[in-house]
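Trainee: Sequence:
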Amino acid sequence: MAAEFTPVQAVDALVPAITLLGFGAASALVTKAARLSPIVGYLIVGILIGQYGLGLIHESPATHLLAELGVVFLLFDIGMHVSMRELKESRRDLLGLAPAHLMLTGLMSAGALWMIGISWPIALAVGLSLGLSSTAVVARILTEREQNSCPIGRATTHVLIFQDMVAIFLMIYATSLGGAESGASGVAGVISTRLLGGADLPLAASLALSLVQAGLAFFAAVLAGKYLINPIFRTLAIIRNEEAFTAFTLLFVLAAACATAVSGLSLTLGAFLAGLAVSGTPFRHQVQTEMAPFRSLLLSFFFISVGLSIDVPALLRNLPFVLLAAGGLIGLKTALGFAAARLNGWSIPGATQMAFLLAQGSEFTLVVLSLGAVVTGMPGPLMSSVVAAVALSLAIAPVWADLGARLSREIVRRTQSRTEAAPRSTPLLDRPVIIVGMTQTGRLAVDALEDHGIPYLATEFDPDRLLSAVADGYRVSFGDASNLKLIEAIGGNQARAMVLGIPRYEISLEVTPVVMRRFPDLKRFLTVDNPVDMDRFSALGINTHFAMGEPRGIEMVIDMLNALGVPEDEVSAWISHETERFAIGEAKSDEDDDDLDPVEPDLDQAA
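In this text, residue positions in the sequence shown follow UniProt numbering: the first is 1, and each later residue adds one.
A few of these clues could be false.
Result set (EDC-like, lysine to aspartate or glutamate): computed pairs, CA atoms no more than 16 Å apart in a straight line [claimed, not checked]:
(1) K88 x D559
(2) K88 x D451
(3) K523 x D559
(4) K226 x D559
No wet-lab data here; the hints were simulated from the structure.
Based on the provided sequences and hints, a complete structural model is requested.
Mentor: Shown next, in the form of structure tokens:
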């Protein structure tokens, strides 16, 4: 006969979860109103309800499990955002800018920890984790500024993708440190027991074995996504069973996490590989929608549990050190991030803005600091101080990023004389496209031309838009394209097309006869917002499009690419990728703003 689960035992099991839910929800509301990172609020809540605060909850197997599941779903979500197309398109940043940024910031941090007496394996794990930046915080900043598609936004996103992938292997490394101290498990345990008579594997051998296992798991995830996950999701979408869709997704995530844990790796690696398997299927967005509430809720439990472990008295005694550490972390990462960007060919304004964007700590640092070997290898006061410093850097990240944006624009303003002169001539073979006005549609056109390797010349007359575009990494010349001498100077008689980012009917009406006489082959493209402008500009011979889809101007850019002779399949692939990137940016913004809002499932798109 099964043992009874008494009401008292049920209450004891539920109280921690209820406490976490209640205070977590309150924290989400307060931080949203205060425009702070939710992570900071969760850490404060952990301190408030922990043993050094109100004493409402203590670390227990239940809280540990909930926290672990939060990291599992975080890694699953990251895996779903890694696509082979994105990796291929970002290979320049993944092989240059991103490694340089992480090595400079991470190794410098590791060296500082080693110099204060931390053993080098632990110092390397923690130092590299300090070199990571917060994907959640930076993605939200880029979305709020509508910078996801500009050069700065793309390069920064590529750096974050690289860091997310490195974080996976960093956790494998940190876990292998724990295996060396507490007894190896899985395959490593079998080798240790049967071949070495119970002796521990050397650290290098244990890490190499973990990497081999991770490689095999990666290969298995790719095969599973193609031959198992995709057919099952397709079947569930056809029969329209929403509960089964959610249940299978949860089953897949948890089963993959358990499989890698049993093999001697971590739960989180399996979750990442599960996300990677789903990323190659057409059901990725639906799965993200289904899993978003689980991820947000459980991840809040993880950050609260980190707050529970903070030694508040020791933290208060070391408050000056915490402030110094936070300032040192942000300052060091800003300076070294700027150096990494400059070494990879970025302009001074672009490198400045990127360095400030990536200067904060990462949620992954908190994950690494919670691992057994790291907890054992770092003194308690130092651990609490580092956690507090990372939390403080996350709190001031938006303000720091705004400071970097203003500074980069000021640098452009002071060096504007270098950008005011437009190019005087363009070789005939280059056949550029002229972009007039760096509005949202003008930027989208430039992004499309960049993606297809088509040369362009961009001009902007508005000083604020010029400064903003240059600071965001675009190549723009100052000038008013209503002046036909400027069009001739920048190669209008050789241009393949012209994109009008700003609809100015009176000017277009005045210059159209001259343009058609001097540049008879020049095709002009424009996006408008109302039918009246549509009729007026079309009557002038301009290829005019009504703004209907997102991102704004997508219809015009499609027409432009077709007119430039870009193959239809490449245009279709670009449309899919661009609209997906826009949707992901919007979704991330919504998730950050409404972490605890219920998500209503819809399988129509997946079907």
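Trainee: Now tell me, hint by hint, if it's right for this structure.
Mentor: We went through each hint and held it up to the structure:
no.	hint	in the structure
1	K88 x D559	26 Å, violated
2	K88 x D451	12 Å, holds
3	K523 x D559	11 Å, holds
4	K226 x D559	34 Å, violated
Checked against the numbered hints given earlier, this structure breaks hints 1 and 4; the rest are met.
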